[in-house]
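Colleague: Residue-level listing of the chains:
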Amino acid sequence: GDSVTQMEGPVTLSEEAFLTINCTYTATGYPSLFWYVQYPGEGLQLLLKATKADDKGSNKGFEATYRKETTSFHLEKGSVQVSDSAVYFCALRETDSWGKLQFGAGTQVVVTP
Amino acid sequence: GAVVSQHPSRVICKSGTSVKIECRSLDFQATTMFWYRQFPKQSLMLMATSNEGSKATYEQGVEKDKFLINHASLTLSTLTVTSAHPEDSSFYICSAITDTQYFGPGTRLTVL
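If you read the protein sequences in the order shown, they are chains U and P. In this text, residue positions in the first sequence follow my numbering: the first is 94, and each later residue adds one. In this text, residue positions in the second sequence follow my numbering: the first is 7, and each later residue adds one.
With the rest of the complex left out, here is chain P:
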């Protein structure tokens, strides 16, 4: 089936730095991708919808200036966590849709 990859799988950074997470659809083109965030033992929460060639749509309460999303091609969306702080530590998961919704394996971000 269709595969969605994420890179890196884990990242540790210092507070105040920026981190970029990549989401790729490996064998299909995705005009729309989604970014989710998951806190320990909690649900996945939709952060934003990433649209190829246009601005992302953010869910209520998600800071668009902090979580920059770029969907520059039909197979790549990136999430940049700017000026990361410890409270941004979380598990970030992307998803892409063809006939169904496929999820990446997630990226564990730890901000020290």
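Excised from the complex, chain U in its bound form:
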């Protein structure tokens, strides 16, 4: 079945450092890929998405490119801020499986001043 694997946390960084969170997936079809972020005490929020190979999703300085050849969707940000401290979830959704997101385990990111 489908699965998503992402790097374990916590990831601790200094402000303005470069952030990468690795995400790889297995899927039978051609899924859409997502990154969700969960700030403390809040619900998951969609950060960015990509629906087909080579698409790049971007938002709030974060980027991720859908790489079919490596089945990856790594999240990157060039210069993190303290406000980026959160848990980040990589997820996939198979075509015609509206709402049925398959999530990774989540990666906690802690950015220190």
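Hints may be right or wrong, so weigh each one.
As the list claims (entries may be wrong) - Here are a few chain U residues that sit away from chain P, every Cβ distance over 10 Å (derived from the structure):
#1 Glu-109
#2 Ala-120
#3 Gln-138
#4 Ser-151
#5 Lys-153
#6 Glu-162
#7 Glu-187
#8 Gln-195
#9 Pro-206
Said to hold, decoys possible - DSSO-like, lysine-lysine: derived pairs with alpha carbons at most 27 Å apart:
#10 U/Lys-153 <-> U/Lys-193
#11 U/Lys-193 <-> U/Lys-149
#12 P/Lys-72 <-> P/Lys-20
#13 U/Lys-142 <-> U/Lys-161
#14 U/Lys-193 <-> P/Lys-70
#15 P/Lys-70 <-> P/Lys-20
#16 P/Lys-61 <-> U/Lys-153
#17 P/Lys-72 <-> U/Lys-193
#18 P/Lys-72 <-> U/Lys-142
#19 P/Lys-70 <-> P/Lys-26
#20 P/Lys-47 <-> P/Lys-26
#21 P/Lys-72 <-> P/Lys-47
#22 U/Lys-193 <-> U/Lys-161
#23 P/Lys-47 <-> U/Lys-153
#24 P/Lys-47 <-> P/Lys-20
#25 U/Lys-193 <-> P/Lys-20
#26 U/Lys-142 <-> U/Lys-193
#27 P/Lys-47 <-> P/Lys-70
#28 P/Lys-26 <-> P/Lys-72
#29 U/Lys-193 <-> P/Lys-61
#30 U/Lys-153 <-> U/Lys-142
The hints are simulated quantities; they were obtained by calculation from the structure and are not laboratory data. The C-beta atom is built at its ideal place from N, Cα and C for all residues, glycine as well.
For chain U, the structure is supplied; the task is to place chain P on it using the hints.
Modeller: Showing chain P alone in chain U's frame:
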């Protein structure tokens, strides 16, 4: 943006009792809501799809008699954990869809 709320945010109950968790879409109507469960340091796992006015659709391995779902209106879905046991302790998250999928903040259930 659209907001989904859950109540309560935390609940502690004794083994054998039932617990009801509410999920509300605050500024939109949701004919479909989803219930997820998250174990510590693990993925969110979809438990069931809640459809307004009809029976919920449960994922394989989820006991429908234990996790009762009622979607009585376009803004409210409830999850009742019946005869809760310590192994039901978990983080329960609901989600609703309009143009995108919105998630509630979650409910931490602890069964003693």
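Colleague: A separate judgement is required for each hint: does it hold in the structure or not?
Modeller: To see whether the hints hold, each was checked on the structure:
Every CB of chain P lies more than 10 Å from the CB of U/Glu-109, the least distance being 28 Å, so the non-interface label holds. The beta carbon of U/Ala-120 sits about 15 Å from the closest Cβ of chain P, which is more than 10 Å, so the claim that it is off the interface holds. Listed as a non-interface residue, U/Gln-138 fails to keep its Cβ farther than 10 Å from every Cβ of chain P; the least gap is roughly 7 Å. For U/Ser-151, the non-interface assignment is confirmed: its Cβ lies about 16 Å from the closest Cβ of chain P, beyond the 10 Å cut-off.
No beta-carbon of chain P is positioned within 10 Å of the beta-carbon of U/Lys-153; the least distance is around 14 Å. Against chain P, the non-interface label of U/Glu-162 holds: every CB pair exceeds 10 Å, the least being about 25 Å. Look at U/Glu-187: its CB is around 12 Å from the nearest CB on chain P, clear of 10 Å, so calling it non-interface holds up. Here U/Gln-195 does not stay apart from chain P, with its beta-carbon only about 8 Å from theirs, under the 10 Å limit.
No Cβ of chain P comes within 10 Å of the Cβ of U/Pro-206; the nearest lies about 26 Å off, and the non-interface call holds. Between U/Lys-153 and U/Lys-193, the direct Cα distance comes to roughly 25 Å. Compliance with the 27 Å bound is thereby established for this hinted pair. Our distance criterion of 27 Å between C-alpha atoms is met by U/Lys-193 and U/Lys-149, whose separation comes to about 22 Å. Using a Cα cut-off of 27 Å, the hinted pair P/Lys-72 and P/Lys-20 holds, with the two alpha carbons roughly 16 Å apart.
A C-alpha spacing of about 14 Å is found between U/Lys-142 and U/Lys-161, which places the hinted pair at or below 27 Å, so the restraint holds. For a cut-off of 27 Å, the pair hint linking U/Lys-193 to P/Lys-70 stands: about 18 Å separates their Cα positions. Between P/Lys-70 and P/Lys-20, the direct Cα distance comes to roughly 21 Å. Compliance with the 27 Å bound is thereby established for this hinted pair. Taking the CA atoms of P/Lys-61 and U/Lys-153, the gap is about 39 Å. The hint is violated against a cut of 27 Å.
Of the supplied pair hints, the one linking P/Lys-72 and U/Lys-193 holds, its CA atoms being roughly 21 Å apart against a limit of 27 Å. Distance restraint check for P/Lys-72 and U/Lys-142: the Cα-Cα separation of roughly 34 Å exceeds the 27 Å cut-off, and the hinted pair is therefore not satisfied. Restraint check for P/Lys-70 and P/Lys-26: satisfied, since their Cα atoms lie roughly 14 Å apart, inside the 27 Å limit. Of the supplied pair hints, the one linking P/Lys-47 and P/Lys-26 holds, its CA atoms being roughly 24 Å apart against a limit of 27 Å.
Distance check on the hinted pair: P/Lys-72 and P/Lys-47 sit about 24 Å apart at the alpha-carbon level, within 27 Å; holds. Restraint check: the Cα-Cα separation between U/Lys-193 and U/Lys-161 comes to about 20 Å, which is no more than 27 Å; the hinted pair holds. For the hint pairing P/Lys-47 with U/Lys-153, the CA-to-CA distance comes to about 26 Å; that is within 27 Å, so the pair holds. Simply put, P/Lys-47 and P/Lys-20 have alpha-carbon atoms about 24 Å apart, close enough for the 27 Å limit, and the pair holds.
For a cut-off of 27 Å, the pair hint linking U/Lys-193 to P/Lys-20 is broken: about 32 Å separates their Cα positions. The hinted pair formed by U/Lys-142 and U/Lys-193 meets the criterion: a straight-line CA distance of about 15 Å does not exceed 27 Å. Between P/Lys-47 and P/Lys-70 the alpha-carbon distance is near 25 Å, which keeps this suggested pair within the 27 Å criterion. For the proposed pair P/Lys-26 and P/Lys-72, the alpha carbon gap of about 12 Å is at most 27 Å, so the pair holds.
Taking the CA atoms of U/Lys-193 and P/Lys-61, the gap is near 17 Å; set against the 27 Å cutoff, the hint holds. For the proposed pair U/Lys-153 and U/Lys-142, the alpha carbon gap of about 13 Å is at most 27 Å, so the pair holds.
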